[in-house]
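My numbering applies: residue 10 is where the sequence shown begins, and numbers increase by one.
Keep in mind that the hints were calculated from the coordinates and are not lab data. Owing to the predicted nature of the structure, the values given are computational and were not obtained by experimental measurement. There's no promise every hint is true.
As the list claims (entries may be wrong) - Straight-line C-alpha distance at most 20 Å; calculated EDC-like pairs for lysine to aspartate or glutamate:
1) LYS174 / GLU200
2) LYS84 / GLU210
3) LYS84 / GLU67
4) LYS129 / GLU200
5) LYS84 / GLU200
6) LYS129 / GLU229
7) LYS84 / GLU97
8) LYS174 / GLU184
9) LYS129 / GLU228
10) LYS129 / GLU100
11) LYS84 / ASP15
12) LYS129 / GLU93
13) LYS84 / GLU228
14) LYS174 / GLU196
15) LYS129 / GLU104
16) LYS129 / GLU97
17) LYS174 / ASP203
18) LYS84 / GLU196
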Amino acid sequence: MVRRIDVTGAGGVRLAAWEFADPPKADQSKGSQPGVLLLHGLMGRASHWASTARWLAERHRAVALDQRGHGQSDKAPEAGYTREAYVEDAEAALEQLGLGPAVVVGHAMGALTGWQLAAKRPDLVRALIICDMRASALGAASQREWEDWFRAWPAPFATLADVRKWFGEDDPWVERPNPSRGAFYAEVMQESPDGWRPVFEPREMLTSRQTWVYDAHWEELAQVRCPTLVVRGLDGELGRAEAQEMVRVLPRGRYAEVADAGHLVHYDQPAAWRAAIEPFLDGVLTS
10 MVRRIDVTGA GGVRLAAWEF ADPPKADQSK GSQPGVLLLH GLMGRASHWA STARWLAERH
70 RAVALDQRGH GQSDKAPEAG YTREAYVEDA EAALEQLGLG PAVVVGHAMG ALTGWQLAAK
130 RPDLVRALII CDMRASALGA ASQREWEDWF RAWPAPFATL ADVRKWFGED DPWVERPNPS
190 RGAFYAEVMQ ESPDGWRPVF EPREMLTSRQ TWVYDAHWEE LAQVRCPTLV VRGLDGELGR
250 AEAQEMVRVL PRGRYAEVAD AGHLVHYDQP AAWRAAIEPF LDGVLTS
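Could you build the full structure based on these sequences and the hints that come with them?
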C-alpha cells in the first residue's frame with residue numbers, strides 16, 4: 010500500500026510524500042517503527058524508490074519524497090531551487106511526518122541534501138546512506154555538458170517506447186544498451202498533446218544543479234556525525250578513490266560498492282543494492 014501525504018516545504022511549496030506500508034495492525038503504533046526518508050536525485054521522483062521502500066516497510070516507516078519541481082510536488086519560483094530550500098524541504102518532511110530521528114537515504118542530489126541536513130540538524134538524522142554522489146566540485150564544464158545534453162533530447166517523444174529506446178540506447182551518454190536507464194526516464198515522463206515530455210522543467214533542473222556543481226562539499230561532509238554508508242556503483246559517477254576519501258573524512262563513515270551497476274545503483278541492481286545496505290541498517294538499529 011502506498012499513500013500520499015502532503016508536506017509544506019520551504020517558502021510554502023507543497024511537496025508530495027509517499028509512505029510505503031502494509032495496512033497497520035491493530036496493536037502496531039506508527040511511532041514504534043524507525044523512520045526512513047528516501048531522497049531521489051536530480052530529475053528523479055519518489056517512485057524510483059519503490060523497490061527499496063517496499064522491503065524497508067517490512068520493519069521501518071519508509072517515506073519517499075518528491076522534491077520540489079519533481080514528481081507530483083509543486084514547482085517553485087526559479088529563485089527557489091537553492092540548496093537551502095532543498096535541505097529545508099527534507100527537514101520539514103521529517104518534522105511534519107514525525108519521522109525523526111530517521112535514517113536518510115539519498116541518491117545523487119538527494120544524497121547531498123541528506124548530508125547537508127545531517128550537518129545542520131543532527132537531531133533529525135540518526136544515520137545516512139549516500140548513494141553515488143561526489144563531494145568534489147564538478148565545475149563549469151560539467152554544467153555546460155548538461156546544458157548541451159538537455160538540448161539534444163528529441164522531445165517530445167512520440168511514445169514511451171521511444172523514451173526507453175533513446176535513454177537506454179541512443180543517448181550519446183550511453184556507452185552500451187541499458188534498459189534500466191530507459192525505464193528510469195520513462196517513469197519521469199507525462200503525456201502532453203504533442204507527445205511525451207518530462208514532468209519537470211529542464212531549465213529548473215539546470216538551476217538546481219548549478220547551486221552545487223561549482224563548489225566542493227567536503228567541509229559539510231566532515232560535519233556529519235552520525236553513522237554514514239557511502240555506496241557506489243562500479244560504473245557510476247563516484248570513483249573508488251573519492252568514495253574512500255569521503256569515508257575517511259566522515260567521522261563514522263563506511264564503504265560499500267555494487268558490481269554491474271552504474272549511477273542508478275538502486276535502480277540498476279535492486280537486489281545487490283539491498284545486500285549492500287541492509288547490514289548497515291541492521292547495525293544502526295541494533296546499536
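Hints and how they fare:
For the suggested pair LYS174 and GLU200, the alpha carbons sit about 17 Å apart, so the restraint of at most 20 Å is met. Between LYS84 and GLU210 the alpha-carbon distance is near 9 Å, which keeps this suggested pair within the 20 Å criterion. As the CA atoms of LYS84 and GLU67 are separated by approximately 32 Å, the hinted pair breaks the 20 Å bound. Of the pairs offered as hints, the one joining LYS129 and GLU200 is violated, with about 39 Å between alpha carbons and a cut-off of 20 Å exceeded.
At most 20 Å may separate the alpha-carbon atoms for a hinted pair to count; LYS84 and GLU200 meet this at roughly 18 Å. In summary, the hint linking LYS129 to GLU229 is supported, as the alpha carbons are separated by about 9 Å, within the 20 Å threshold. Between LYS84 and GLU97, the direct Cα distance comes to roughly 15 Å. Compliance with the 20 Å bound is thereby established for this hinted pair. Restraint check for LYS174 and GLU184: the C-alpha separation of about 13 Å stays at or below 20 Å, so the hint holds.
About 12 Å separates the Cα atoms of LYS129 and GLU228, which keeps this hinted pair within 20 Å; it holds. Our distance criterion of 20 Å between C-alpha atoms is met by LYS129 and GLU100, whose separation comes to about 9 Å. Restraint check for LYS84 and ASP15: satisfied, since their Cα atoms lie roughly 14 Å apart, inside the 20 Å limit. For the hint pairing LYS129 with GLU93, the CA-to-CA distance comes to about 10 Å; that is within 20 Å, so the pair holds.
With a C-alpha separation of about 30 Å, the suggested pair LYS84 and GLU228 falls outside the 20 Å cut-off, and the hint is violated. Distance restraint check for LYS174 and GLU196: the Cα-Cα separation of roughly 13 Å lies within the 20 Å cut-off, and the hinted pair is therefore satisfied. At roughly 14 Å between alpha-carbon atoms, LYS129 and GLU104 fall within 20 Å of each other, so this suggested pair holds. Under the criterion of a C-alpha separation no larger than 20 Å, the hint pairing LYS129 with GLU97 is consistent with the structure, at around 10 Å.
At most 20 Å may separate the alpha-carbon atoms for a hinted pair to count; LYS174 and ASP203 meet this at roughly 19 Å. Among the hinted pairs, LYS84 with GLU196 is consistent with the structure: their alpha-carbon atoms are about 18 Å apart, no more than 20 Å.
The structure is inconsistent with the numbered hints 3, 4 and 13, although it conforms to all the rest.
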